[in-house]
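Q: Each residue of the sequence shown is one higher than the one before, counting from 0 in numbering that gives the first Met the number 0.
FYI, nobody ran anything at the bench for these hints, they're computed from the structure.
Quick caveat, the model's predicted, so the values are computed rather than measured.
A couple of the hints might just be wrong.
Said to hold, decoys possible - DEER-style ranges, computed between Cβ atoms:
hint: 1; residue 1: Asn113; residue 2: Asn77; range: 28 to 36 Å
hint: 2; residue 1: Gly153; residue 2: Arg26; range: 26 to 34 Å
hint: 3; residue 1: Lys127; residue 2: Gly91; range: 19 to 27 Å
hint: 4; residue 1: Asn21; residue 2: Thr80; range: 30 to 38 Å
Stated by the list, open to error - Simulated crosslink set (DMTMM-like; lysine to aspartate or glutamate; CA at most 20 Å straight-line):
hint: 5; residue 1: Lys93; residue 2: Glu42
hint: 6; residue 1: Lys127; residue 2: Glu42
hint: 7; residue 1: Lys73; residue 2: Glu85
hint: 8; residue 1: Lys164; residue 2: Glu42
hint: 9; residue 1: Lys73; residue 2: Glu92
hint: 10; residue 1: Lys127; residue 2: Glu85
hint: 11; residue 1: Lys111; residue 2: Glu92
hint: 12; residue 1: Lys127; residue 2: Asp83
hint: 13; residue 1: Lys73; residue 2: Glu149
hint: 14; residue 1: Lys93; residue 2: Asp57
hint: 15; residue 1: Lys93; residue 2: Asp83
hint: 16; residue 1: Lys93; residue 2: Asp117
hint: 17; residue 1: Lys164; residue 2: Glu92
hint: 18; residue 1: Lys111; residue 2: Glu96
hint: 19; residue 1: Lys127; residue 2: Glu92
hint: 20; residue 1: Lys111; residue 2: Asp83
hint: 21; residue 1: Lys93; residue 2: Glu149
hint: 22; residue 1: Lys164; residue 2: Glu149
hint: 23; residue 1: Lys73; residue 2: Glu42
hint: 24; residue 1: Lys164; residue 2: Asp57
hint: 25; residue 1: Lys73; residue 2: Asp83
hint: 26; residue 1: Lys164; residue 2: Glu85
Note that beta-carbon positions come from the ideal geometry of N, C-alpha and C, so glycine has one too.
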Amino acid sequence: MASALHVRGENPWGYPDHWYRNVHASRAYGGSGGSPFSDRSYEQARIVTISVWSGNPDYIHAIQVTYGRRTAAKHGGNGGTRHDFEVRVNQGEKITEVRLRVGWHVDRIGFKTNHGRDLGAVGGMGGKYHVVRPPFIEGWTLGCYLVSIEGRAGAYVDQLTFYWKC
């Protein structure tokens, strides 16, 4: 059992530092088509907006994230209708859950925040449904939140991996 004292190498709850300071990757969701992309270089800034393009066919055509004042490259194709999901950073809001449907491509995506607000979902109903959350440690997420994405994209978003800061 953890003591009330902060021990070097551990947080006040007794868990190793890497569980509450580091960034943790989810597994990759989706297919192996397209070319790889990564927004990992932006993860020092908070996610402000996630723009998602979806349409006919019912896939996620592209995704683009604004981190702080910098907008990462658009990943994917030029089709679909743009949907912007704004995170209320000034109110302490963060993304704590991603809901998606995937097969060969990412078919559908939506987000949930620590304030219980749903952002999305857009896209089709194909593929298998997944709920992606930060890592749990004995039932706690220790304030983990989404800090960046990477994946594969071509004409559509083919694959996504989510990075969580804890």
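Q: Against each hint, give a clear statement of whether it holds in the structure.
A: For each hint, the structure was consulted:
For Asn113 and Asn77, the hinted distance range of 28 to 36 Å is satisfied, since their beta carbons lie about 33 Å from each other. A hinted range of 26 to 34 Å for the beta carbons of Gly153 and Arg26 is inconsistent with their spacing of about 21 Å. About 33 Å separates the C-beta atoms of Lys127 and Gly91, a value inconsistent with the hinted range of 19 to 27 Å. A beta carbon spacing of about 37 Å between Asn21 and Thr80 agrees with the range 30 to 38 Å that was offered as a hint.
Distance check on the hinted pair: Lys93 and Glu42 sit about 13 Å apart at the alpha-carbon level, within 20 Å; holds. Taken as a hint, the Lys127 and Glu42 pair is broken in the structure, with Cα atoms around 28 Å apart against an allowance of 20 Å. For the suggested pair Lys73 and Glu85, the alpha carbons sit about 16 Å apart, so the restraint of at most 20 Å is met. For the proposed pair Lys164 and Glu42, the alpha carbon gap of about 9 Å is at most 20 Å, so the pair holds.
A hinted pair counts as satisfied when its Cα atoms are at most 20 Å apart, and Lys73 with Glu92 does not qualify at roughly 23 Å. Restraint check for Lys127 and Glu85: the C-alpha separation of about 26 Å exceeds 20 Å, so the hint is violated. As the CA atoms of Lys111 and Glu92 are separated by approximately 10 Å, the hinted pair is consistent with the 20 Å bound. A C-alpha spacing of about 24 Å is found between Lys127 and Asp83, which places the hinted pair above 20 Å, so the restraint is violated.
Annotation: proposed proximity of Lys73 to Glu149 holds, straight-line Cα distance about 12 Å (limit 20 Å). In summary, the hint linking Lys93 to Asp57 is not supported, as the alpha carbons are separated by about 27 Å, beyond the 20 Å threshold. For the hint linking Lys93 to Asp83, the alpha-carbon distance of about 15 Å falls within 20 Å, and the restraint holds. Note on Lys93 and Asp117: the hinted pairing holds, with a Cα-Cα distance of about 11 Å set against a maximum of 20 Å.
At roughly 14 Å between alpha-carbon atoms, Lys164 and Glu92 fall within 20 Å of each other, so this suggested pair holds. Pair hint Lys111 plus Glu96 holds up; C-alpha atoms about 5 Å apart against a cutoff of 20 Å. Of the supplied pair hints, the one linking Lys127 and Glu92 is violated, its CA atoms being roughly 28 Å apart against a limit of 20 Å. At most 20 Å may separate the alpha-carbon atoms for a hinted pair to count; Lys111 and Asp83 meet this at roughly 14 Å.
With a CA separation close to 18 Å, the supplied pair Lys93 and Glu149 stays within the 20 Å bound. At most 20 Å may separate the alpha-carbon atoms for a hinted pair to count; Lys164 and Glu149 meet this at roughly 15 Å. At roughly 16 Å between alpha-carbon atoms, Lys73 and Glu42 fall within 20 Å of each other, so this suggested pair holds. Annotation: proposed proximity of Lys164 to Asp57 is violated, straight-line Cα distance about 31 Å (limit 20 Å).
With a C-alpha separation of about 13 Å, the suggested pairing of Lys73 with Asp83 holds against the 20 Å cut-off. For the proposed pair Lys164 and Glu85, the alpha carbon gap of about 19 Å is at most 20 Å, so the pair holds.
Consistency with the previously given hints fails for numbers 2, 3, 6, 9, 10, 12, 14, 19 and 24, ordered from lowest to highest.
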